[in-house]
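From just these sequences and the hints, can you work out the full model?
Taken in sequence, the protein lines are chains A and B. Position 174 (the first sequence) corresponds to 174 in this note's numbering; numbering is contiguous. Position 29 (the second sequence) corresponds to 29 in this note's numbering; numbering is contiguous.
Hint data in this document are derived by calculation from the structure and do not stem from the laboratory. There could be a bad hint or two in this list.
With a straight-line cut-off of 30 Å between C-alpha atoms, the simulated DSS-like cross-links for lysine-lysine are [said to hold, decoys possible]:
hint	chain 1	residue 1	chain 2	residue 2
1	A	K105	B	K182
2	B	K120	B	K159
3	A	K163	A	K202
4	B	K295	A	K111
5	B	K270	A	K77
6	B	K159	A	K111
7	B	K107	A	K151
8	A	K77	B	K159
9	A	K111	B	K107
10	A	K145	B	K120
11	B	K7	A	K151
12	A	K151	B	K159
13	B	K120	A	K77
14	A	K163	B	K295
15	B	K310	B	K321
16	A	K105	B	K295
17	B	K310	B	K270
18	B	K182	B	K251
19	A	K291	B	K215
20	A	K46	A	K186
21	A	K203	A	K291
As the structure is a prediction and not an experimental result, all values here were calculated from the model.
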Amino acid sequence: MIMKKRGKFLSVLAGLIFVGALAATASARELEPVVTTAWLEKNLDKVIVLDVRKVEEYRGGHIPGAVNVAYGSWAIKRGELLNELPADDDLRDVLGSAGIEPASKVVVVGKTATPADRVDATRVAWTLIYAGVSEVSLLSGGYDKWVADGKAVSTEAVRPRAKDYRGRFHKDLVVTKAAVAAALGKGVIVDVRERDFYEGKKKLPFVERLGHIKGAVSLPTSTMYEADGTYKAKDALAALAAAAVGADRDREIILYCDTGKFCTAWWFMMRELLGYKNVKVYDGSMMEWAKDPAAPMEP
Amino acid sequence: MDAGLLKDDVHFAGGCTPCHGGDDTQTDKDLAHRGKVKRPSEDLSLCGKCHGATAARYSKALHYTTAGFRHVVTKRMNHKEARDYNERVFEQSCRSCHATCGSCHVKAPAVGGISIGLIKGHRFVRRDEGKTCAFCHGGRVYPEYTGDYGGKADVHYQKGMMCMDCHSAGALHGDGRAYRFKEEVKGRPSCRDCHRPGNEERLTTRIAHLRHEGKVSCYGCHSAGEYRHCFECHEGGAQSKADFVLGLSPKNNRTVTTLRLVPTVRDSFKKQGVTMTHYDRLPNYWDAPVHNIRKRTDRTRSCEACHEEKRGFIVKERLIKNGSRSNAGVLYEPRPIPAKP
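See below:
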């Protein structure tokens, strides 16, 4: 018992020293936020590749060494709302059972065939960062690109060694409806849905009203991809973002879509790649906002 | 077709004709245009030439006989009605849902007339649940399991398990006995095959498990929440909704478990002129082994969810309208946790 206690104390001390070391180096990130298949192929031993495709797809073939936790374990339905965060303890279990720790370097890999496929990986990346994993990256083009580039695949399922996940959650990365209402006219609110939705010409069946949150600017998710599902180059993404939200890196920016999934793609690029420091996700998104008749919308 | 496959796989040693008929001088892949057999494994003796024991057993398996569609609902009928049902409903529509050997090993089954085609080229694959089981059981089991309905993925799926990690080929192929419905099938999986609850480290977990043995099923506490219910079934068409229902198991009348609405209603077979004299013999609810297991649910988090709030427990007012009189048997009202003596 005493041994155990001392061990814990020592590790806390070590943790403090470690944090100090990190702070001394200017940028803590070693892993590029977006990596290519060529880079990943050479660095497979340095990262945890997290494959979020379905179990059967993973079994059919995956990046060698990749661990699999399918998308459905990262985002759940809560009440009426789709794509919500699991409870903290459940999320810790999912992370721990995938062998992920706060200091892990994780590359998230999904499918990229359809626009909806592409944001599985970004929503999971956002969730990991929310849960306190410090270095999370995306594979540009996802598994589809890996295969198209003729890289090696494996059918051997990897059983990660379970860890006790103890990261600190960044609760401030998610905002509630009330916080969005309070930000109206102050922060920048970004609608990442396609133009027809932003302009109020179309809506999904579960969204009650046409239009967008009052004052929101438009930055459709589709603009960030090349035709093959890879991400556009950094300067192209920077120009798109700046045109929509300006260049001020400190201003509060709130992103939303229909269910809180698509908007994680621009969230990731803005915060991890382009250096915007105060970017948040409105998880309830249009599904929640449009239900409230008092929540202002336009046109 | 993959030339290597033709050369290396014993199944193609005699070309296409032994299975699809016709002549082999053409290599046209489109069988339909040559008037050949599209579903050769419909004839069990074909695969049976070499897989004799499996084919013989399979001829009696539920997946082939779909006897479950006959034996359960006919309990609601008298002899004549049951005979009419067998002729007019079962043979006409239910039988067509049966699985051929090819449905699990060669070609993804068509659902609603659409199939994604061969599972993997024309390989004779051992198992590929995502392209076989997933389609026929795509109404509830599969999407419940993966979380595709937007619910929560089953913890076993989270951990990388697929259907056949719990279900056995032995049970699917059958053991040569003609079971009438799934409850009779030997080798069905059970939670207790792999878990022996009752000696966990945490006291509350242990109490939860020991106090409810035989009183509450594993699903009662570990089903994540809402699952699909089909209702108002008429001629194969039914509506569906998500709901969470706890009540007394009609199977044993003593365990609280998750229940699912049975789609058969009083006038389900009216069009075909089949009535159900004994409709009220069976309830409209049946045990649901829901494939959405989680370690933590709102019930494992709170004893009060059941004992005080009675959350999810079906009450008289919530029973379907004009339902079976046996429905009263599934109602159960949990009591407050007894004070320590």
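*asked:* Checking one constraint from the list: CA of A:K163 to CA of B:K295, max 30 Å. Satisfied?
replied: Holds, because 17 Å separates the two Cα atoms, which is no more than 30 Å.
*asked:* Hint check: B:K182 vs B:K251, CA-CA at most 30 Å. Holds or violated?
replied: holds, 12 Å
*Satisfaction of hint between B:K270 and B:K310, Cα-Cα up to 30 Å*: violated, 37 Å
*Going straight from one Cα to the other, do B:K295 and A:K111 come out at no more than 30 Å?*
Roughly 28 Å between the alpha carbons, so the hint for B:K295 and A:K111 holds.
*Assess, step by step, whether the Cα of B:K270 is no farther than 30 Å from the Cα of A:K77, and give holds or violated.*
violated, 38 Å
*Given the hint that A:K163 pairs with A:K202, test it: the Cα-Cα distance must not exceed 30 Å.*
Not OK: A:K163 and A:K202 at ~45 Å, beyond 30 Å, violated.
*For the pair supplied as a hint, B:K120 and B:K159, is the alpha-carbon distance within the 30 Å limit?*
The hint holds at about 25 Å.
_Restraint status (C-alpha distance of A:K105 to B:K295 at most 30 Å)_ = holds, 27 Å
_Check whether the Cα positions of B:K310 and B:K321 lie no farther apart than 30 Å._
The hint holds at about 22 Å.
*Straight-line Cα separation of A:K77 and B:K159 no greater than 30 Å?*
Status holds; Cα separation ~19 Å.
*asked:* For A:K46 and A:K186, compute the direct alpha-carbon distance and say whether it is at most 30 Å.
replied: violated, 42 Å
*Proposed proximity, A:K151 with B:K107 (alpha carbon, max 30 Å)*: holds, 28 Å
In the structure shown, a violation is registered for the earlier hints numbered 1, 3, 5, 13, 17, 19, 20, in ascending order.
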